[in-house]
Amino acid sequence: MITMSSMRSHKLVLFFAISCLLLHEKCTDASVCKESERKALLEFQHSLQALGVSGNDAFFWISEECCLWRGVYCNSFTGYVEMLDFSDQPLVVAGTISPSLLKLHHLTSLNFSSNDFNGSLIPEFFASLKKLKLLDLSNANFRGPIPSLLGNLSMLETLRLGGNGRVFNVGKLEWLSHLSRLKELDLSFTNLSNANDWSQVISHLPLLQKLSLRHCGLPSISSSSLSLANSSTSLTYLDLSDNNLPSSAIYPWLFNVSSNLVSLDLSSNQLKGPIPEAFGNMKAIQELYLNDNLLVLAKNQVRGDSGLNEIGKLPDFRVLDLGYNLLNGSISKSIGQLSNLRVLRLPGNSFGGDVISEAHFSNFTYLQKMDLSYTSLTLRFNSGWIPSFQLSQLLLCSCKLGPRFPDWLRTQMDVLNPDVEISSIDYLDISASGISDSLPYWFWDKFQGLSYINMSFNQISGTFPNNSIHIIHLDLSSNNFSGPLPRFSLDYNMGTINLSKNKFTGSVSPICNFTGAVYLTLFDLSNNLFSGVVPDCFGSFPFLTALNLGDNSFSGSLPSSLGSLVSLEMLSIRGNKFSGVLPSSLQNCAKLKFLDLSDNELSGEIPMWIGQKLSSLVFLSLQGNQFRGRIPHQLCGLKYLQILDLSVNKISGTIPPCLNNFTSMAKKVSLDRRIEHHILDTGPRFLSLEGVYGEPIWIIQVRYVDEALLTWKGTKQSYPQLGLLLAIDLSCNKLTGEIPEELSSLQELVVLNLSRNLFNGKILQKIGHIRQLEVLDLSRNKFSGDIPTSLSALTFLSNLNLSYNDLSGKIPTSTQLQSFDPSSFSHNRGLCGPPISPNCSMVEPPRGKPAVGSEEDSDEFMKWFYTGMGLGFAVGLWGFCSVVFFKRSWRHSYYRYLDSAKNWVYVSFVLLKTRLVRRIKCLSTRSD
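Residue numbers for the sequence shown follow our numbering, beginning at 1 and rising by one.
Don't read these hints as lab results, they were simulated from the structure.
Incorrect hints may appear among the rest.
[To be verified] Estimated spans, in silico, between C-beta atoms of each pair:
1) N260 x D407: 41 to 47 Å
2) G532 x I386: 42 to 48 Å
3) N256 x R181: 21 to 27 Å
4) P206 x L294: 53 to 59 Å
5) G532 x K667: 42 to 48 Å
6) S436 x H470: 47 to 53 Å
[Said to hold, decoys possible] Heads up, simulated DSS-like pairs for lysine-lysine below, C-alpha to C-alpha not over 30 Å straight-line:
7) K810 x K782
8) K446 x K577
9) K734 x K650
Bear in mind the structure is a predicted one, so any value in this text is a computation, not a measurement.
In this text, a Cβ means the ideal position worked out from N, Cα and C, and glycines have one as well.
Turn these sequences into a full structure, and let the hints steer you where they fit.
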């Protein structure tokens, strides 16, 4: 008897056999790669270059079975190629795209996201891939116009062209209206400035759910366009950020298409005025980003801000970002109505010292991220307060938390709410928050393993525990921490450690025992009390880009392993006691932009390889060392140099005339205002409900600015704005000769200091060509002749010193020169005219003492002075002894004088002793 199950199995076999016959395919070969498609893929491969991490060819399309090739996905039933996906692969695809893809007749998905096609045009033949449902060319370095023929892809559901900054649309977006099945559209960072119909086209895409038009230069929406727009009910995700759209242009259209919006991003536009109450009508909204606009709070002392009140009534509202607007006044406690809020961001507003208490947060059970930075808010909570929320990110920079360390932070490392997915805090910024307390004993136990900790610019004291500190990004700068350097353990991320401006002591040898040192990118130990020899173990830090050991008490020679830091862009060892010559291995640090070796005891000649190998240098300071010899002409190869400081050394010879090769000083070019290091670190990606990985859970950007220590207008000060100061300082050396005429071509130079050298001859006649000069110091040299008249053309000059030279003649007339103090021209023979005298006709050139030259003259004088004094003493003593030895009567008289003097001293001493004994006896008798 045939059972029901056997009948079903027979029917399935029969159905499978009929399907095979209809498809004219052998069922045993269904999943095998089709030869025609294999040849098409190989032709496609030949037009591309795929590089892996090592830089080698990484396609590995070698086997016969093309369905197993990387990035190729076939239908498991028919064997036809349906998908090509080269995104999120351990390779980068480059080159051009071959039309052989047209032979893949069953292709439905094509993804080249996050690759590099080196500015190629978007191929028009894509429009012939009629079965495409997904086309993703985002962040792939395409350029040129968007082919309007893409409107022929009638089956297309997802189109992503965003992140290609050189892609633009010609004219209107009418071609998009033909894509009636489109559900997701991303044109971010493409130029749509001429697409006046964008709002109409978007409103007529009936199935569109996700739209991203960030930074597209969108034109404003006209009232006529608004009248033609239909209300869209399918749109759930809308990003119009960074388009400078005004409120009047966006609000009417927005509130017409917003019935089902879940996420809305209008950040970085020109939205003005109070927050509209109409946002409260978006019943499905969960995420609202209004940061970086010009919004204000409504002036209603009774109800608070009406717009926020309406938003507070939304049932499932989760993200509110109002950062960097013009919000001021007080934050109403009604914000606590947002009981489902996950993210609250209000940074960069002016709440003017408003006090936040636990009442504001009483209903925030699900809050995970809070950013109140730069708001001047005072957070005042009762002692023992335990928040109901569990934060993963907390940013309170420049808020008032102190003076005591906030004890409630301790609770953020404990799992309080099992319904919250985030288990504990991972990002903590309480910098510049007015804390002047010792670090609690529980801190390092609780906060081990955080991704980011920033407690800088407080007055927090304490020491590190003996065990290793697990951290990725740590900034404790400008505090009162003390004790020895701890051992750090960095996980598999690019890490940064900044311990500058504290009171740490002892050796830095623990750096050789850092776990995961290979991942360290920024290391700052400057302005502490460290001492001893720096260990030679920098070979363990291959990705280090900034190393600052300045202003400590390190000694000994520089470790040669510094040359293994091939990624290094900033090195500062200023203010220590390093000695010896520069290790030649430093020439391997070819990426160096900032090199500060000032105020040490380094010696030898300035290496030629600085100019040959370190060609990217922007800042070079060898000030305050013992360097000798000539200035190597190879330094002229540093065309990006903005600041050169060789002062206070023993450098001799002349100034190389090739200094005019300093392009940054000779021509008006766009300069880096700062030398900054941006370390970008991303966390894991979250998994959406649909099973798709989205944006990272957190993004950490660490910003580090290299600050130059310069003598600016007579005082030494920190100067971070390097691009505003172009300077050459060769003062306090033994340089000779005349100023080379080529120096006058450095027209953008701001500071020139050649003082305290042995320069002679006339001051450069074309010195007035250096139009941007603000500081000129030529004092204490041997310059002679007249002051060049071109000096009067320096209208920006604010600090001038020509004193202690051999200048003569009349001081050129100009409002600028006559405004300086007479001391700027003092100790020069024959100078006359304002400001040192009313005119020249009544002034006789002073005779006698010549002008004081350099500091070398003073040293020479003191040398002869002490030599003469020693010789005088020796001659006087020898003369006296000779007279006493050869003149008997004088000798006897001298000895008699010594005897009488000795007797007088003896008698006086005996009498004084007798009187004291007598007085003591009298005192003892009275006491009895």
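**Asked** Against which earlier hints does the structure fall short, listed by number upward?
**Response** Result: hints 4, 6, 8 break, sorted rising.
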